[in-house]
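Asker: In order, the protein sequences belong to chains A and B. Take the first sequence: its position 83, counted from the start at 1, is 83 in the working numbering, and no numbers get skipped. Take the second sequence: its position 18, counted from the start at 1, is 18 in the working numbering, and no numbers get skipped.
A few of these clues could be false.
Computed list of lysine-lysine pairs in DSS-like fashion (alpha-carbon distance at most 25 Å, straight line) [said to hold, decoys possible]:
hint, chain 1, residue 1, chain 2, residue 2
1, B, K52, B, K19
2, A, K70, A, K56
3, B, K41, A, K36
4, A, K67, A, K56
5, A, K36, B, K40
6, B, K22, A, K36
7, A, K70, B, K41
Some, not all, of what chain B presents toward chain A, calculated at C-beta under 7 Å [what the hints assert, rightly or not]:
hint, residue
8, P42
9, L43
10, L90
11, H102
12, E103
13, P108
14, G109
The hints are simulated quantities; they were obtained by calculation from the structure and are not laboratory data. The beta carbon of each residue, even a glycine, is placed where N, CA and C say it ideally should be.
Take a look at the letters that make up each chain.
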Amino acid sequence: GEDVEQSLFLSVREGDSSVINCTYTDSSSTYLYWYKQEPGAGLQLLTYIFSNMDMKQDQRLTVLLNKKDKHLSLRIADTQTGDSAIYFCAETPYSSASKIIFGSGTRLSIRP
Amino acid sequence: ETGVTQTPRHLVMGMTNKKSLKCEQHLGHNAMYWYKQSAKKPLELMFVYNFKEQTENNSVPSRFSPECPNSSHLFLHLHTLQPEDSALYLCASSQEETSGRHEQFFGPGTRLTVL
Numbered sequence: 001g002e003d004v005e006q007s008l009f010l011s012v013r014e015g016d017s018s019v020i021n022c023t024y025t026d027s028s029s030t031y032l033y034w035y036k037q038e039p040g041a042g043l044q045l046l047t048y049i050f051s052n053m054d055m056k057q058d059q060r061l062t063v064l065l066n067k068k069d070k071h072l073s074l075r076i077a078d079t080q081t082g083d084s085a086i087y088f089c090a091e092t093p094y095s096s097a098s099k100i101i102f103g104s105g106t107r108l109s110i111r112p
Numbered sequence: 001e002t003g004v005t006q007t008p009r010h011l012v013m014g015m016t017n018k019k020s021l022k023c024e025q026h027l028g029h030n031a032m033y034w035y036k037q038s039a040k041k042p043l044e045l046m047f048v049y050n051f052k053e054q055t056e057n058n059s060v061p062s063r064f065s066p067e068c069p070n071s072s073h074l075f076l077h078l079h080t081l082q083p084e085d086s087a088l089y090l091c092a093s094s095q096e097e098t099s100g101r102h103e104q105f106f107g108p109g110t111r112l113t114v115l
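In isolation and in its complexed conformation, chain B is listed as follows (with noise of 0.2 Å):
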């Protein structure tokens, strides 16, 4: 099983539409993450949860709500979105190690384009 899934890969939706992006890591971490890569800012960190809780949102418009019901999956939540939402929405996990590294393990991303 691949480490970290994402479902589905592509997504074409209208702006009026309510859709949802699905991360799932089989890698036994328990801090997951949602990225937004665009050719505008290649990749911004939107939402960090650690074990289950958010521990943070980097001012993201509340049209995205994320949800987290345990700590192997990870949803993104869409509504309303906007044209300038369009691109590759990217789910990763860590592990914490008592050294400090930290190595984020990405999925292959969701491919969304608003209408």
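Okay, chain A solo, but in the shape it has when bound (with noise of 0.2 Å):
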């Protein structure tokens, strides 16, 4: 089946980087992607990858592909409190590419 897993929390400190990790399941995922969710507002595209490449790098952000052990992450560096947000894990799977599959979400909090 289909199942994307994250872990629910991350805190970090300002300036620091952030590490957001993602296992899905389905080996045939054609895009991965990433949402952030802002308080009060709906989720928004941050970045993919296609499922061929093993890193995209995004002005702060660096996303790593291992389709081996069928694992994503998403580092965000010099981390702001304006970072402060839920990142969902997404994937397209072959099977169904009108539909994403979304990950329950990793809650960044930045403290001081």
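Combine both chains into one complex, guided by the hints.
Answerer: Quick look at the structure:
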């Protein structure tokens, strides 16, 4: 089946790097995504990676994909208070291109 | 105009009431979605509409009734709800690309409280 798992909470100090991890079960996933949800708002796509890539960098964000272990991570460099949010890992399964399977979300909190 | 709008933003209703949630997308997308977000199950897909046709119903109770009159509008009609239906209801839209990449654009949600 299709399942995406994440840890629920992460706390980091302002200025440090945050690493949010995710595992998924569908080895034929085509695209994997990171979405961000700020308080009182809907989800917003942060970045995505195609399944034949192993790394993607976009300013402070680095996505690493280990297809063998079905592990996806999001690194946020120089974490700021504005990065406080819930981060959702998600995948498009090969079996259903019109659907996205979301993880449970990781709540990132920043301490001074 | 914001991409995906939802009204109302907050709704309090009794178990015997009938109400509707509205979603509108201004992005020219062909697919729309309803999700339920609660503390127990963070993000549950409820319904998917493609070109106004329902393509997915994720075993949602019949007290939730979706309606998609055109590809820009999506409604969720509510009746005889239970307190456990209290949650944030999120609408999203997407346009599937030939590459298979699939980005969903979300509205801000309707915070529903059932008394």
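Asker: So, for every hint listed, does it hold in this structure?
Answerer: Going down the list of hints, with the structure as the test:
1. K52/B with K19/B: holds (21 Å)
2. K70/A with K56/A: holds (16 Å)
3. K41/B with K36/A: holds (17 Å)
4. K67/A with K56/A: holds (14 Å)
5. K36/A with K40/B: holds (19 Å)
6. K22/B with K36/A: The hint holds at about 23 Å.
7. K70/A with K41/B: holds (23 Å)
8. P42: Since the shortest Cβ distance to chain A is 5 Å, the answer is holds.
9. L43: holds (5 Å)
10. L90: holds (5 Å)
11. H102: Holds. Min distance 5 Å.
12. E103: Holds, because the Cβ-Cβ distance from E103/B to chain A comes to roughly 5 Å (cut-off 7 Å).
13. P108: holds (5 Å)
14. G109: Holds: closest Cβ of chain A sits about 6 Å from G109/B, inside 7 Å.
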